[in-house]
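*Asks:* Residue-level listing of the chains:
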Amino acid sequence: MSQQIVSSQPLVEVKDLSVTFSKKRLFKPTRVVRAVNGVSFEIAQGETLGLVGESGSGKSTIGRALLKLVPMESGSVRFDNTELTTISRAEMRRMRRRMQMVFQDPYSSLDPSATVAASISEPFRVHEGLSAKQAWSRVQELLEVVGLRPSHANRYPYEFSGGQRQRVAIARALALTPHLIVCDEAVSALDVSTQNQVINLLEDLRDEFDLSYLFIAHDLAIVRHIAHRVAVMYLGHIVESGPAERTYQRPAHPYTQALLSAIPIPNPERSNRAGRILLRGDLPDPANPPSGCPFQTRCPYAMDVCREVMPAMTAVDGGGQVACHLQTAGPELNGRSLMDADVEVVR
Amino acid sequence: MSADTAMMREPSVQRPTAPGIKRFLRRFASNKLAITATVLLGVLITTSLAAPLLAPYPPEAIDVVNRLAGPSPEHWLGTDSLGRDTLSRLMHGGRVSLAAAAFAVSIAITFGVPLGLIAGYLGSWVDWIMGRGADVLMTFPAVILAIAIIAATGPGLVNAMAALGVVYAPRLFRVVRGATLAVREETYVEASVSIGTPAYSIVTRRVLPNILSPLLVQISLMLAAALLAEAALSLLGLGVVPPTPSWGNLLGRGFTEIRTTPLLVWFPGIAIALATLCFNLIGDGLRDSLGRETRKGD
Amino acid sequence: MRIDDLRIDFATEHGWADVVNGVSFEIGGNEIVGLVGESGSGKTVTGLSVLGLVPSPPGRRSGGHIWFRDTDLTAMSPHRLRGIRGNEVSMIFQEPMTSLNPAFTIGDQIAETYRRHRGVSRKSGMHRAAEMLDMVGIPNATARVRDYPHELSGGMRQRAMIAMALCCDPQLLIADEPTTALDVTVQAQILDLLVSLRDELGMGVIFITHDLGVVAEVCDRVVVMYAGEVVETSPARDLFSRPRHPYTEGLLSAMPQLGSRSGRLASIAGRTPEPWAMPTGCRFGPRCPYSEHECTTGPIPLRSTGVDRQARCVRTDELDLRGAQ
Ligand SMILES: Nc1ncnc2c1ncn2[C@@H]1O[C@H](COP(=O)(O)OP(=O)(O)O)[C@@H](O)[C@H]1O
Ligand SMILES: Nc1ncnc2c1ncn2[C@@H]1O[C@H](COP(=O)(O)OP(=O)(O)O)[C@@H](O)[C@H]1O
Ligand SMILES: [Mg+2]
Ligand SMILES: [Mg+2]
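Residue numbers (our numbering), protein chains in the order written: chain F, 1 to 347; chain G, 1001 to 1298; chain L, 2001 to 2325.
Just chain F, with the same shape it has in the complex (with noise of 0.2 Å):
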């Protein structure tokens, strides 16, 4: 299935995309944090990438570069053909219609003194110059559309439960039909049975309107429902990435593993627990971020050659690619393979 998504052409093509900002402090000398750093992925029309990884790997940061809300330090960002680095404010307006994001928190992304009616229909009054009167039915379209009730629409948010804002701020996303939506952790606030709730309608509009979505999340247990394919980011870098499937089942990079094996499963008869990878440590500092590959300082598997030079992106058997020495300098350690004998090492 993705295979055929991936054949067209990309609606977004990143390339080394880089995000730095800099922190003025009094007596100490500037804290530069390189949030992302030379990240580079596609995304086909009607395919969803998630995008996973701990917090203050970078995620939220690619997801607003691509919407042009925090300046770029590098590298190219195409949004289907048009390069979004280089064009005019005005040129950029008009392409915003085209793409939405919808934020996690659904408490802070609504105004609070706005009706959800203000709220739907301001992508109509900024876009098509109607005012609220005039989107009034187009407002009570998609209420329905998401699941609400037209009656809401003169509610404020505060009237609503996690759930239904997060349904009110996809109302909006959706009201001009875009082709992508950013979802920056758009269920990770929400009791499970609301996510599947809201993860099935964001399906349920995919089909219906061929959606494309940057699906951001830290848990990878949500991503996979959702995704086609799968970029993991660790400290600004994206260390894997490739088709949902293979990723899940036969993660190449111990970064990956790890993550993967931390996820509690939800039955007692087939816990994990005892061959679990525990990550030693915290994400490091990213303003002071560790030599060589970024995952070093916790990976188990870490050599010497990590410790200095950064590894390449690698193709992976199966779909995909993978940055890890281990792909590509010898993975046999003390006789125990680091990846499944199913992955085999490229080159």
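Incorrect hints may have been included.
[To be verified] With the C-beta cut set under 7 Å, the calculated list includes, among others, these residues of chain F facing chain G:
hint : residue
1    : Arg96
2    : Ser108
3    : Glu122
4    : Leu130
5    : Ile263
[Stated by the list, open to error] Computed footprint of chain F on chain G, listed as stretches where at least three residues anywhere in the stretch have a Cβ under 8 Å from a Cβ of chain F:
hint : segment
6    : 1050-1060
7    : 1257-1267
[Claimed, not checked] Here are some chain F residues the structure puts well away from chain L; computed CB gaps all over 12 Å:
hint : residue
8    : Val33
9    : Pro71
10   : Ser88
11   : Arg94
12   : Ser151
13   : Glu203
14   : Arg224
Since the hints were derived computationally from the structure, they do not count as laboratory data.
For each residue, glycine too, the CB sits at the ideal point set by N, CA and C.
Keeping the supplied structure of chain F fixed, place chains G and L with the ligands upon it in accordance with the hints.
*Replies:* Relative to the frame of chain F, chains G and L with the ligands by itself:
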């Protein structure tokens, strides 16, 4: 999902009402002090506004027989040294004093609010330059600066209040800028940017409504301060030129007779204190009832 | 410890809302009991009430007792309760930053807690702090006692919080969503730590969470709450293999599965009732796929469904509910 499938179409949907305002009114109404203050202030304002209709005598009418008289059926609050009716002068004076305070505050709003929004939303060097300008203006004590401006432009209530407005503007600027800075970081503002909403629209539709609560609080407190400042300036003879009454110059003239008729100081003093207190109480009430509704569980 | 028919109400605009309604369960030493349910089901309030920490007003306890060994905590003076809090019973929270004081070093805060209950010298307080930080796996503990909370990462802060909670060797630890704000990798570390500390110190743990995955990992017994009521209690294994309440089944089937991605994700229809508008009869009734007329007639009692198991469902014996896959 039965919540979705069991959903019914509701045929007629009315235009937006404002439950937000209803909620505010309900909360405000439950604050007894604030409600009392509002009612009292309403009485003060209407009697002042309707002074030409309600006042028993014209403010300059002289009753030569009853000079410096105490309260009596003809003159409820007594008379001054020229025999003018204190109640009538208080009512007419209130007109001048309240209007003066409102004028000063509206000047402050005209400058402080837009500049504060711009500085807070744009940030960077725009904010820096405006911030330093406000700092300079704020280093002068309000009344002293007003006196200096009057020294340059000549006395008169309009000049005095315009001067006061200019002095107050940076305070409002500070409040608006600070609140805007906070709101600018909210995700819903980023959401509007991502939709492509122009900055002007974001500031007026997203930022302004959400900074209204600190703004209203500040305005009501500022009205109280402006009322006091008007009194101070008129007391010093820098505001309203006699014989036009204002609470400030009534107080000032009262002092000349304080030995013989202390009531002439008491009544304008009470009027000023009462109005100031009302503004402050309303400000507090607004602060409490405009606060955000707490989050509702999912 | 034993909670007996606990009732907590909160004053709302709509009148008194019973947020915790007749909750009873027991916890033994060396046992981890999971308290699960969707947000708003009253888990936190139940946990807080053990230590008399429910904010009042708007909260009030309208009934019930909390027996800690042979004393009734609800009848205890605030002063004596303070002596127990942080000493014999202690609590950790989802967001450690809210319970750590940003103005003091973590060493000071742990030492302070220890000294308040044990009356030892400053020096041995600090010694204890370093010992505790070491025990919870903070590297280089003797140096880290001088760190301020903001200098630690989220995971380290939670470890420091656990160190503080455990410094007086409590017999009962109440952990309110201690890993919800953390990444899965760090969550795995903290869960591991809690289980090994339990084995080492032999304390009872009330583990509050909304994540059944976490429950499966660490809990011996589970108490499922819905809308302020206990709907099912069971040993963890039995709960997962054969739930006896439709709500538990719903929660289990909604858990994300890593293995397969076929079809639509399951979810429980509708939403939790507002605490001031509880349905009559079974509170889960309006969302329950098995609901019948008899479910709506009156309050449903907890009934025994097996060894050490109870469920609040009139149809529990007829239903064959699906467990975890
Ligand atoms: N506006 C900002 N200013 C400064 N630093 C930022 C900003 N936004 C993000 N960062 C930093 O960039 C890094 C990546 O952040 P983010 O993209 O939010 O990560 P994620 O979404 O994966 O949790 C973090 O170290 C964060 O502190
Ligand atoms: N301080 C409070 N004031 C009013 N209501 C509260 C307060 N704390 C909790 N509640 C209410 O109690 C109910 C249960 O809350 P809580 O115990 O926090 O749920 P959980 O921890 O299971 O998510 C909720 O409906 C919540 O609105
Ligand atoms: Mg993020
Ligand atoms: Mg809670």
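*Asks:* Now, for every hint given, state plainly whether the structure supports it.
*Replies:* Outcome of the hint check:
Checking Arg96 (chain F) against chain G by beta carbon gives a least distance of about 3 Å; that is within 7 Å, so the hint holds. Checking Ser108 (chain F) against chain G: minimum C-beta separation of about 4 Å stays under 7 Å; hint holds. A hinted interface residue such as Glu122 (chain F) counts as satisfied when its beta carbon comes closer than 7 Å to some beta carbon of chain G; here the least separation is about 6 Å, so the hint holds. Interface hint at Leu130 (chain F): violated, since its Cβ lies 14 Å from the closest Cβ of chain G, which is beyond the 7 Å cut-off.
Taking 7 Å as the C-beta contact cut-off toward chain G, the hint placing Ile263 (chain F) at the interface is violated, the least distance being around 22 Å. Requiring three or more residues with a Cβ within less than 8 Å of a Cβ of chain F, the coverage given for the segment 1050-1060 of chain G is violated, as only 0 such residues are present. Note: the segment 1257-1267 of chain G has 0 residues with beta-carbon separation from chain F under 8 Å; the three-residue rule is not met and the coverage is violated. The beta carbon of Val33 (chain F) sits about 15 Å from the closest Cβ of chain L, which is more than 12 Å, so the claim that it is off the interface holds.
With a least beta-carbon separation of about 27 Å from chain L, Pro71 (chain F) lies farther than 12 Å from that chain, consistent with its non-interface assignment. Every C-beta of chain L lies more than 12 Å from that of Ser88 (chain F), the closest at about 39 Å, which supports listing it as non-interface. Every C-beta of chain L lies more than 12 Å from that of Arg94 (chain F), the closest at about 36 Å, which supports listing it as non-interface. No Cβ of chain L comes within 12 Å of the Cβ of Ser151 (chain F); the nearest lies about 17 Å off, and the non-interface call holds.
The beta carbon of Glu203 (chain F) sits about 8 Å from the closest Cβ of chain L, which is not more than 12 Å, so the claim that it is off the interface is violated. At roughly 6 Å, the least C-beta separation between Arg224 (chain F) and chain L is not larger than 12 Å, which violates its mark as non-interface.
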